[in-house]
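Q: Single-letter residue listing:
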Amino acid sequence: MWVISSRLKKQIRISEYDYKIKIIESEMINAFTIPGGRIYISKELILFCESPEQLAAVLAHEIAHVEKRHTVSRILKEFTISLLFSIISGADTVLLSELWKTTISSSFNRKQEQESDEYAMDLLEKSNISPRTIAAFFRKLNRENLDYDEKVEFLMSHPHNNSRIKRSLEYKTSKGFKPIPFDLDWKSIKEDL
Amino acid sequence: MLGKIQKDLIKLLAFFGGLFLLIYLGFFLLFRSSTPSWLTAEYNEHLLSYEKEMQLGEIIDRYAIKGQEIDILKKQTNRLCYVGNFFQIKKANPHFRVRL
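From first to last, the protein sequence lines are chains A and B.
Be aware that the first sequence starts at 39, since it is given in our numbering, and climbs by one per residue.
Be aware that the second sequence starts at 139, since it is given in our numbering, and climbs by one per residue.
Calculated directly from the structure, the hints in this document are not laboratory data.
Here a beta-carbon is modelled for each residue, glycine too, at the ideal position from N, C-alpha and C.
Among the hints, erroneous ones may be present.
Claimed, not checked - In silico lysine-lysine, DSBU-like type, Cα no more than 30 Å apart, as pairs:
1) B:190 <-> A:48
2) A:106 <-> A:149
3) A:149 <-> A:210
4) A:149 <-> B:190
5) A:47 <-> B:190
6) A:204 <-> A:178
7) A:58 <-> B:190
8) B:190 <-> A:60
9) A:139 <-> B:190
10) A:115 <-> B:190
11) A:106 <-> B:190
What the hints assert, rightly or not - Footprint (simulated), chain B over chain A, 3 or more residues, beta carbon under 8 Å:
12) 74 to 82
13) 99 to 112
14) 115 to 125
As the list claims (entries may be wrong) - With beta-carbon atoms standing in for the labels, derived distance ranges:
15) B:189 <-> A:115: 13 to 23 Å
16) A:160 <-> B:166: 26 to 36 Å
17) B:187 <-> A:147: 21 to 31 Å
18) B:200 <-> A:178: 26 to 36 Å
19) A:213 <-> B:153: 53 to 63 Å
20) B:159 <-> A:149: 17 to 27 Å
21) B:151 <-> A:147: 27 to 37 Å
22) B:200 <-> A:201: 32 to 42 Å
23) B:184 <-> A:41: 30 to 40 Å
24) B:152 <-> A:145: 38 to 48 Å
For reference, chain A alone in the conformation it holds in the complex (with noise of 0.2 Å):
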């Protein structure tokens, strides 16, 4: 996780963030942010993706929602900002409850998945990894009828899965743009999970 994130994050020029990013159990094929950088990736995510790259696809999009500030938007819909306040001061476990249940349950727009996209597909060239694994993870998506299913709930506010797999086959690399895949054994980094 550390060489995939480390890859990205260095391609971001100038970030208030400082990135914490945790795997976690779950049985569901989940990736999520909280507010200050922390991103969670599930087990299950891992073991789904088929290489670093479309790992790093994921991650990419996610440090999105982190840098354009989506994940505070969505708190701030459901919670004025004395309530914010009052649960960093206080840590009332009632009101940590709920905003927990909002950060989990509510969704991103559509229009900020797709500033996400467009954004993790910059940063991935940036990375030297082809945007086109987007494409390749919602394939396999498709290929394993996954698309709006419960099991992966993360998606369901994010646009269909065809748009944007076409979205990630237009997006033109800059010229001499040449991907460097990660010298990882990714079998073995899936069994060790």
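Since the structure of chain A is already known, use the hints to place chain B on it.
A: Then chain B, alone, in the frame of chain A:
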């Protein structure tokens, strides 16, 4: 007299209605790609500073995520300890076998 008032009222309504429509169309064309933020308060992220955002993230992490994380390093250390133990036992007892 009443008819004149009615006519004036209709004119007034048409004037303000038209004005509202023009303003609305103006905004619609200006922000065609996005809904005007003053209408939906969609872009509100600037209300929370980065510092407060970090604190919030830390609290959510502590409250909701702790315990669900997978510590790969710990897993690998355990595996190394297991291999280390295995060689120690094997050294002491050459007949020791592990069926995997």
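Q: Run every hint past the structure and note whether it holds.
A: Going down the list of hints, with the structure as the test:
1. B:190 <-> A:48: Holds. Residue 190 (chain B) to residue 48 (chain A) sits at ~25 Å (cutoff 30 Å).
2. A:106 <-> A:149: holds (12 Å)
3. A:149 <-> A:210: holds (21 Å)
4. A:149 <-> B:190: Given pair residue 149 (chain A), residue 190 (chain B) holds - Cα atoms ~25 Å apart, limit 30 Å.
5. A:47 <-> B:190: holds (22 Å)
6. A:204 <-> A:178: holds (14 Å)
7. A:58 <-> B:190: With a Cα-Cα distance of about 16 Å, the restraint between residue 58 (chain A) and residue 190 (chain B) holds, given a limit of 30 Å.
8. B:190 <-> A:60: Measuring from Cα to Cα gives roughly 21 Å; hence the hint holds.
9. A:139 <-> B:190: holds (19 Å)
10. A:115 <-> B:190: Since the Cα atoms of residue 115 (chain A) and residue 190 (chain B) sit roughly 17 Å apart, the hinted pair holds (cutoff 30 Å).
11. A:106 <-> B:190: Cα-Cα ~16 Å, so holds.
12. 74 to 82: Satisfied; 5 residues make the cut.
13. 99 to 112: As far as the segment 99 to 112 of chain A goes, the hint holds, because 4 residues have Cβ atoms under 8 Å from chain B.
14. 115 to 125: Result for this restraint: holds, n = 5.
15. B:189 <-> A:115: 13 to 23 Å: With Cβ atoms ~21 Å apart, the hint holds.
16. A:160 <-> B:166: 26 to 36 Å: holds (29 Å)
17. B:187 <-> A:147: 21 to 31 Å: Between residue 187 (chain B) and residue 147 (chain A), where Cβ atoms are some 23 Å apart, the hint holds.
18. B:200 <-> A:178: 26 to 36 Å: Taking Cβ atoms as reference, residue 200 (chain B) and residue 178 (chain A) lie about 34 Å apart, which means the hint holds.
19. A:213 <-> B:153: 53 to 63 Å: Since the Cβ atoms of residue 213 (chain A) and residue 153 (chain B) sit about 57 Å apart, the hinted range of 53 to 63 Å holds.
20. B:159 <-> A:149: 17 to 27 Å: holds (25 Å)
21. B:151 <-> A:147: 27 to 37 Å: For residue 151 (chain B) and residue 147 (chain A) the Cβ distance comes to about 36 Å; the hint holds.
22. B:200 <-> A:201: 32 to 42 Å: holds (38 Å)
23. B:184 <-> A:41: 30 to 40 Å: Once the Cβ atoms are compared, 34 Å apart, the range 30 to 40 Å for residue 41 (chain A) and residue 184 (chain B) holds.
24. B:152 <-> A:145: 38 to 48 Å: The hint (38 to 48 Å, Cβ to Cβ) holds, given that residue 152 (chain B) and residue 145 (chain A) are roughly 43 Å apart.
Hint compliance for this structure: no hint is broken.
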